[in-house]
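**Student:** Using the hints, put the two standalone chains together into the complex.
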Amino acid sequence: MNAIPTCREVEPDLVAVAAGEAGAAATQGVERHVAICRSCRDELGRYRVLEGMVSDLRRAPMPGADPTLARAELESRLADIRSRMITYGIYSSPLGRILIARSELGVSMVRYVDSDAAARAHLKRLAGDEAVEDEAAVEPVYRELLDYLSARETRLSWSLDLRWAGSDFQRRVLAVTAQLPYGAVASYGGIAKRIGAPGSVRAVAQALRHNPLPIVIPCHRVIGSTGALTGYAGTRIGLKKRLLSLEGVPVGTHASRIDRNSMYVWISPDKEYCVPSCGSLPEMPLAQLTLFGSREHAEAVGLSPCSSCRPDLHPLPA
Amino acid sequence: MVRDMTGDAFEAIVAAHHAEIHRYLVRATSRPGDADDLSQETFVRAYKAYRALPPDANVRAWLFAIATNLSRNHYRAEGRRRQAMAAMAGGFTEQSASWPEGEAIANQASVRVDRLVATLPFKQRAAFTMRKVHELDYDAIGQSLECSAESARAHVFQALRKIRQGLDDLDVVHTER
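Quick mapping for you: the protein sequence lines, in order, are chains G and B. Sequential numbering from 1 applies to the first sequence in my numbering. Sequential numbering from 1 applies to the second sequence in my numbering.
Honestly, the hints are just simulated from the structure, not real lab data. Heads up, none of these hints are tricks.
Below, a sample of chain G positions facing chain B; criterion: calculated Cβ distance under 8 Å: (1) Y47; (2) D56; (3) R58; (4) L69; (5) A70; (6) R71.
Here a beta-carbon is modelled for each residue, glycine too, at the ideal position from N, C-alpha and C.
In isolation and in its complexed conformation, chain B is listed as follows (with noise of 0.2 Å):
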């Protein structure tokens, strides 16, 4: 079977995956505009290889792969930068983010994971959101981080827990109701 190359069918796939791709490079990259750049490059790379892709492929799973190692390799470069400003400026403190302490602040909770979540080394930072924002099944976050399931489920194990310690003071019996 040879893949349909007409402009419609690759743009269906853009139409139904770009802004979803966006949203998890946001998050993936911390940096709205580093994902308008690498959501754009994801597309472009998927249109070249989209030819050759079986006909049974998972298309999503795929994109977030391409996603994935695009912002891997974002992620390395920027951490060189993040480094060497550190190294200037005599070290950083991460912005500090606290459970929250009452449901009047519910909205702000998820803004605080997401600081949270933007601290985390970038394999967990991906697994999770991969795993708990766009709900991949572990197998396809395994394909997209170049590891087994297992490893991709203890990468957001670990998020979950580091994310968890980050918003220690929360009084949950108090919260749980």
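With the rest of the complex left out, here is chain G (with noise of 0.2 Å):
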């Protein structure tokens, strides 16, 4: 048999049997105590008061403590940053390492990586310490690239968020590089001749050599005046090209160069297409003309055969 606690000894307990958290033993304990201590027991009425007192404060509304303004403050709150955050992951893909940034607006950056780590450091110089690196969060975007640049897929239809367009000059050149057909290519002067500053041709490839979202907004479309291959990410030229040949736009296999007489010719707004000798389409200027690989390509954006040159009963050979 155990000795009956001390007054010092249970207060613990008191305490714990007052608030029923006490075990079987220290319920014990307490009992044997206040059965033989007065002063012991008045506290334990005491403390049984102040739990039912404490029970009030659970039930009771808190004066002054509305919360509904907090709240609203916090809804406003939260969606400034959710519209900042940017999540982003580094993914291998046929044209080597490529970093997807997407934000709550749409896919923001897509960049060809040489190493991981600058790659992060560009972005958190971008966009700080609202980027957060989610491989799994972005991975339906990455899977969709994979398909397009696997040829299974023609089309990246995703929302675009163009934060990282620098100036109100790239986004229109990017909103009119965008409207590319698949499959067709256009010159850095037809560019600035569409934009309305035909004499832009200079800023137009700036432009360009910037644009955060290569591939989906398709810069890869667009050649120099001779048809030249010209920069793409830099020194990226082969990856320019088998973006084209993707598309089935004949490159040279040794030139960096489009041959112009070996493409299907399209007027912008007219509703055909033509070989590229038709009518005096050789001697016209490349900046007025966008130019298909292929018969599908072309039709497939709604274009019919010439009706004087006939490339569906002329076609050029493949």
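**Tutor:** Set out below in structure tokens:
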């Protein structure tokens, strides 16, 4: 038989018993103690009263504690954070390592990566702490990109977030470039003409050089006025060639140049496409033309064969 | 498994817990205005860290831990301010709180308890509030206060003891019927 606990020893258990948290042994000790100790019996009574008051705290509304305003402010802060937040992943692809970043608005960056660490540092500089690496979260976008790069898909219908397009001019260039159809090419001069600034060829090239969304915004479909595959993502002309041949655009195996005589021709906004020798086409500057590598891709955007040169009856040699 | 980072998933967490965390912070900081700021800060931090939270984590206990951490830092700064003010004013007196004298003022009893809670040292105040008002278990309280469950229990005990002493004028036999 244990000795009856002293007043000092029993106090924590008194509190526990009053709160209904005491185990069997503690309860028994308290019962035996208060049976012989009047002051601790009173003490237990006080703690029980206190427990009753405390349970009122749970039920009673707190004066001056209305969370409504704080909640509303919180919602707007969270919305703001969400809109700034970037998630990204770095993946392997047929074109090498690629970084893909997205926000709640859409895909905001596609970037060819030489070193993962340098790519992370680059994104950190742009987005700060709001950039979070999360491969799984961006994985669906990556899967679609893989389908595209293996020609299982010819469209990337992503919503885009152009936060890293530097200027209004660049946005206009990117918007026009985004409309170049799959399997088609146009020249820098052609893009300059389409944005209504025909003299700005160099600025157009510069804007495309800093395209934050290569592949998706197909700057690989923009070529020099002589048909040359000039710069792409720095010095990655090889990638430009691969992307174009994926789309059925004939690119020479040795020369990095597109031969306009081996391409079908469309002059926007006509409804028809031609062989390159049709009418006065051979004399027209490349800036006025859009070239298609195949009839299939020209017809995929709704164009019909020209009724005079009949590319359907006299197709170009494959 | 990846956490659903769409707005909706976190939105549901805010809807389920913001009011309670706010109420906790009113007691933990003893100032509704501070609770407004700190409850926002709690959820902003939670939102940023939510992605890394294991799927089986107890979200409610985790939010209390964030809120407790923020209010502890806040309380330290506040404590220094109060000390400086008290020194300037030549000391300050706490509002007195005594046991209620009958059932007519039963409602005020909780007000008196709250006044006494406000005079407790931070850890006791936070532990008491988490246990007695929000009914968290001692493990969760220990995690919030970065101590063991046993220490958490001891903080609650000390808090109850001080509150009881603060209300010591009560005639228990008279009140307990």
